[in-house]
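*Asks:* Generate coordinates for the entire structure from the input sequences, incorporating the hints supplied.
These are the residues of each chain, in order.
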Amino acid sequence: MTVMEKLSQAIPLANPWINNWRNEGKNVLGYFCTYIPEEIIYAADILPVRVRARTCSAGDTPMGDAYMTPTACSFTRCCLELANQNQYDFLDGIVSCNSCDQIRRLYDNIRFKAPFPYHYIIGVPGCVSDTTHEWFKHEISKFKESLEKNFKVSISDEKLKKAIRVYNKSRELLKEIYNLRKHDNPPITGTEMLNIISAGMSMPRDQFNYLLSQQLQELKEKEGISDYRARIMIVGSMLDDPEYLKVIEDLGGLVVVDSQCLGTRYFWDLIDENKNPMDAIGERYLSKIACPRMAGKYPERVDFMMKLIKEFNVDGVIFQRIKFCILWWAEIFMLRNKLKDEGIPFLELEREYVLSGAGAMKTRVEAFMEILEANK
Amino acid sequence: MDDETYRKYKKLGRGSWGKDLSLWKTMYLGFINLAKEEEFNPFVEMFANMFLRVVNARKEGKPIIMYPFNFEPALFIAMNLTPLMQETFSVGLAPLKLNEPYIDITNKMGYGDTPTLCNAQRPIVGAYKQGVAPIPDLMFFTPTPCNAITMSYQVFQQLTDVPYFTMDVPYWAYDQLNEFYDEKIIDYMVKQTKDLIFWLEKETNQKLDLEKFQQTMKLVNEARQNVLEFNELLKNVPCPMPSLAGFMNFTAMATHSGTIEAVKATKYIRDEAAENIKSGIAGVPDEKVRIAWPYTHIFFDVDLLPWIEETFQAVVILDILGYYPVLPHDVSTIEKCYESVAKGVLDFSMVGTCRGNAEFYIDFCLNYVKDYKIDAMIIPMQFACKHAYAITRIAAEAVREQLGIPTLIFGVDPYDSREVTSETIKAKISEFLTQVVL
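Chain order of the listed sequences is U and D. Just so you know, we're using numbering that gives the first Met the number 0 here: the first sequence kicks off at 0 and counts up by one. Just so you know, we're using numbering that gives the first Met the number 0 here: the second sequence kicks off at 0 and counts up by one.
Calculated from the structure, these hints are not laboratory results. Incorrect hints may appear among the rest.
[Stated by the list, open to error] Computed, partial: chain U to chain D, Cβ under 8 angstroms:
#1 T68
#2 T70
#3 D100
#4 N108
#5 F111
#6 P116
#7 G125
#8 S128
#9 H132
#10 W134
#11 K136
#12 K245
#13 V246
#14 R264
#15 G315
#16 I325
[What the hints assert, rightly or not] Computed footprint of chain U on chain D, listed as stretches where at least three residues anywhere in the stretch have a Cβ under 8 angstroms from a Cβ of chain U:
#17 113 to 120
#18 147 to 153
#19 162 to 168
#20 376 to 385
Keep in mind the model is a prediction, meaning the values are calculated, not measured. Don't be surprised by glycine CBs; every beta carbon is placed ideally from N, CA and C.
*Replies:* Right, dumping it as structure tokens:
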């Protein structure tokens with residue numbers, strides 16, 4: 000079995016890695032957003048697993064439609080649906096935050112309609128300042144106390160430091176793989192990369208790091224991909240369905256980098272290992288490359304995106320936005336002007352959480368590829 | 000309004016106000032013409048002067064600060080800034096159907112669509128594109144209750160290059176009896192209030208006059224007290240005021256909190272309610288049904304509530320904005336004044352009910368229904384209002400299960416008459432009231 004095949008085993012919601020963890024009598028917590036500090040959960044010897052809902056059938060979300068309403072994004076509707084169907088029964092609880100209006104209300108609807116033994120929501124400030132940094136430290140300290148109380152564990156500084164090291168290691172390894180994608184002939188597709196990141200969010204992190212190191216070594220020795228038509232950057236929110244990237248890559252667009260929740264915005268920034276661990280966690284999570292929900296950080300997000308476009312030699316950008324997403328519609332509206340000014344071609348795709356209508360998407364991506372080829 | 004007063008205000012609307020104030024002028028003239036048929040009460044005077052104050056600020060080079068509907072502008076007033084509540088446009092233009100051309104322009108610009116982004120903020124994007132809305136000198140917003148505010152102000156900033164300040168609003172309660180109590184929340188909000196003052200001082204190159212600040216907060220308190228007493232009077236059966244009355248108090252607090260005008264206006268309406276109770280006058284004669292309306296009004300249809308009153312002898316007691324829960328506070332020291340600003344932010348209409356866990360909104364609905372002896376709840380939910388729409392069903396279930404009161408929920412765009420028409424809305428309400436309630 001190749002390393003990639005081993006990692007792929009961790010992609011389904013309930014997977015052998017999680018089962019083994021549970022068989023050891025240990026707890027698993029589902030979480031919803033890149034602002035949730037996984038390190039604190041991991042330091043409690045609890046496995047943090049990013050909640051996804053790819054097994055949900057598009058358009059088949061009666062519970063989600065009724066409670067989240069039909070004008071909520073399909074990711075939240077799918078999650079509520081699966082929660083109601085007990086498809087997250089491998090979770091001992093969920094942790095969410097007020098990352099967006101729909102995610103915070105998903106948390107409420109889960110509590111009321113499909114509850115877990117444990118729920119927690121972290122109030123992440125909507126802007127970044129010295130004052131909000133202090134507050135966020137208070138928020139995550141309360142979360143730590145809640146875990147300690149509910150799961151009867153003690154989260155020492157030593158455990159936190161160890162968790163930070165483990166998660167930083169993942170970040171470093173992922174960054175090394177991303178660096179390989181800067182090459183003219185990158186050794187990995189965007190589809191494969193997304194699968195790796197998804198796997199990392201669904202398995203014990205030290206085991207993920209072990210496999211990731213092996214994967215990195217394999218990729219370093221691998222002959223790169225040269226038969227692509229254009230180098231693509233993907234920008235947007237929650238996308239864990241590799242079928243979307245496969246459509247793009249089957250048409251010759253090689254995804255070389257991203258600014259996504261399951262991508263650079265998740266792992267790019269390290270936690271300072273020389274500081275008090277809770278302070279360092281707070282600083283990293285509030286100051287990391289921000290989601291559009293963070294007011295005042297748009298200039299930083301743009302700079303980050305432009306830096307990646309340059310470093311990864313991107314030919315064109317594909318914006319992907321889940322239908323009814325407030326944050327990303329506004330963000331793309333602003334980014335559009337920037338890319339026009341910079342003369343960078345882009346395509347905007349409105350999508351549902353789970354791929355549907357691949358035909359229409361193929362037509363639009365094919366047309367975009369032709370534009371990119373003509374620009375060369 | 001007598002002829003002389005009407006002519007005086009009409010005259011002030013003559014001549015060019017400049018292209019960027021052309022929509023503002025349209026609203027002013029529309030307002031004066033509507034008010035001509037009404038008594039010249041403190042509300043009419045307050046709003047007429049509000050329009051003129053912005054015009055004068057432009058002429059005199061006095062800074063205008065734009066902010067959303069969820070903040071009392073007292074601090075701005077204490078710093079001699081001219082407050083401009085952004086939603087004055089979307090709410091003010093809706094009955095004239097004048098939002099709609101600007102919504103269409105915004106659509107063409109690619110800034111969202113109706114079910115995704117709230118039209119309380121979108122029309123002004125189109126108006127900026129056309130150059131017919133005033134660009135402020137400063138902007139302020141809180142990212143609560145909704146993402147639409149956060150994103151729209153970032154977009155405004157990109158379109159106008161105007162600097163802004165954001166104050167975070169936490170998820171928790173400051174009431175010790177609340178299950179979501181956090182002991183540090185007031186300190187946090189006070190610190191942020193001081194950060195805001197520091198920013199305003201820097202941007203306007205002036206210091207906050209602390210004595211004036213305290214005086215302003217005393218006026219805030221007086222108006223809050225009037226609103227509190229008014230809302231208590233509405234518990235009377237029959238309700239002493241017609242359906243829209245509470246919303247007027249909200250507009251006073253959201254645009255003029257901290258002024259003598261807001262004190263006069265809120266006192267005027269409180270006294271009227273008290274007098275009506277004394278005289279046995281009901282807002283809706285022979286009141287049969289008392290309706291809770293825990294969301295905003297449908298702003299494009301000013302005839303809807305009178306139609307409900309006439310057709311069903313039903314009174315809509317308060318909307319979510321008129322249900323103004325900000326209490327008066329001790330403002331005997333400057334530090335207490337900061338606390339009062341902080342609590343005002345946390346408790347403000349819709350912020351207090353929607354900034355935290357669903358229980359905030361559910362408890363609001365339960366208390367509203369109990370306290371005001373409500374017979375039915377109607378929630379005309381803005382399609383794009385993700386934070387509220389997604390908890391209405393669990394709130395309605397709680398109200399039905401705990402109090403036996405039915406709820407009608409339907410999607411609508413309160414700012415655009417084309418999405419769900421008045422006829423459709425009336426049909427839904429009619430069916431609900433006749434088949435379920437009466």
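*Asks:* None of the hints should be skipped; say for each whether it holds.
*Replies:* Hint check:
1. T68: Given a least distance of 5 angstroms, the restraint on T68(U) holds.
2. T70: holds, 4 angstroms
3. D100: holds, 4 angstroms
4. N108: Result: holds, 7 angstroms to nearest chain D Cβ.
5. F111: holds, 5 angstroms
6. P116: violated, 18 angstroms
7. G125: holds, 3 angstroms
8. S128: holds, 6 angstroms
9. H132: violated, 11 angstroms
10. W134: Check passed: Cβ of W134(U) comes within 5 angstroms of chain D, closer than 8 angstroms.
11. K136: Constraint on K136(U) not satisfied, violated at 11 angstroms.
12. K245: violated, 27 angstroms
13. V246: Nearest chain D Cβ about 23 angstroms off; hint violated.
14. R264: With a closest approach of 17 angstroms, the R264(U) hint is violated.
15. G315: The hint is violated - G315(U) has no Cβ within 8 angstroms of chain D, the shortest such distance being about 18 angstroms.
16. I325: holds, 4 angstroms
17. 113 to 120: Since three or more residues must qualify, the claim that chain U covers the stretch 113 to 120 of chain D holds, with 3 doing so at under 8 angstroms.
18. 147 to 153: holds (count 6)
19. 162 to 168: Coverage by chain U holds here, the residue count being 5 at a Cβ distance below 8 angstroms.
20. 376 to 385: holds (count 4)
Hints 6, 9, 11, 12, 13, 14 and 15 from the earlier list are contradicted by this structure; the remaining hints agree with it.
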